[in-house]
Amino acid sequence: MTFSEALQTPLLAERMSRVKESPSSRVADRVRAFQAAGRPVIPLTIGEPDFDTPEHVKDAAIQAIHAGETKYTSADGTPALREAIKARLLRKTGQSYGAGEICVGGGAKQLIFLAFLATLDEGDEVIIPAPYWVSYPDMVTVHGGRPVVVATTASTGYKLTPSLLRESITDRTKWVVLNSPNNPTGAVYSEAELRGLADVLRANPRVSVLCDEIYDAINFRAQPVPSTVTAAPDLRERIFLVNGVSKTYAMTGWRIGYGAGSAALCTAITTLQSQSSSCPSSVSQAAAVAALDGDQEFVERAVRIYAERRDLLVSGLDAIEGLRPVIPQGGFYVWTDCSALAGTATPSGARIESDADLAEHILETSGVVVITGDSYGCPGHFRASFALSADTIREAVAGLAHSISLLRRG
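With the working numbering, the residue at position 402 of the sequence shown is 402, and numbering never jumps.
If you are wondering where the hints come from, they were derived from the structure by calculation, not from laboratory data.
Bear in mind that the values here come from a model prediction, so they are computed numbers and not experimental data.
The reader is advised that the hints may include incorrect statements.
Stated by the list, open to error - Under the rule of at most 27 Å between Cα atoms (straight-line distance), these lysine-lysine pairs were calculated in the DSS-like manner: (1) 92 with 58; (2) 109 with 71; (3) 20 with 86.
With the hints as constraints, model all of the structure from the sequences given.
Structure, rendered in structure tokens:
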């Protein structure tokens, strides 16, 4: 049954009509249909590392199982994990968070969902710079909030500026979302840029900041990725940092995320978790401790490999007429402007009017799968992942070049 079909049943609440099916899920369904028909596909849609979880992390989980650490834990996580998170935050931000200012959940995604659930009243507004991660608007909407999507452009590096932020704040604004490194663009806010945004927030004391830093360790810059709380420590009570072990340590299936912010917000989130999932997985928490406290050589090696793959994909896309890739500073995606191909036509005469049309043409003619920019609030673009082997990236670039070579003007 499709989601749209499910909405027709009387069982579901009205709020479900506010939620859209995830674009990633729709793409996955399309890929499965192709594969079922025996047609090969090359998915540049992967949103997770292609590496295996480090051995010492897996060993820690196995040891926890044998030690009987398979029971409920506190809703806010084990003391050992909270201490590991506290140490990691101190290293990164220079800020010392107390145990009551840290919360642990079933992935960073759950913590963002619970933060909005805990804080949004009907009609409250959340400023979301576009391009944005696909889940932010629906998370806001399902809780009765109103996403205020603010378009950014290539001229500002696809980043929110102080003037854009100032213009977007109303008396109903509750949150502004900052995602750095950004999914899908790979943009990273500098400390100076964060200080500029902080100046606007100081003039608007009722507005809080949700900082999604899940890709902060996958960083291609010479300097560490700055955190908002480092740039503006005086706003710490209004900043909610969200991170996790999924992307950094190839642990997407382990489902451990963490947040740091005011004691009031973390208490509310923990209370909601206690009434929903009870607590994060005890075994996964033991693994997360090993990841955060253990040898970081895995992360350093992964970033080196990602950098090589990034350069391979960017150079390949840049060589294709009509595509303008953005060099990402972090994460593992390349954001590509394909707007120049609007108005072209396929060999059958079908016109390319949108990024969705282009993605369908590419899939049909080369089996390469990308996620369209309209999914991220920014039509005329697509996102391509390089969390894939170099050989797969080369094959994908060749497929894209072939598909686009078939398009004609007029």
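Checked hints:
1. Straight-line distance between C-alpha atoms of residue 92 and residue 58 comes to about 25 Å, which keeps the hinted pair within the 27 Å bound.
2. Taken as a hint, the residue 109 and residue 71 pair is honoured in the structure, with Cα atoms around 23 Å apart against an allowance of 27 Å.
3. Simply put, residue 20 and residue 86 have alpha-carbon atoms about 36 Å apart, too far for the 27 Å limit, and the pair is violated.
Of the numbered hints stated above, the single one contradicted by the structure is hint 3.
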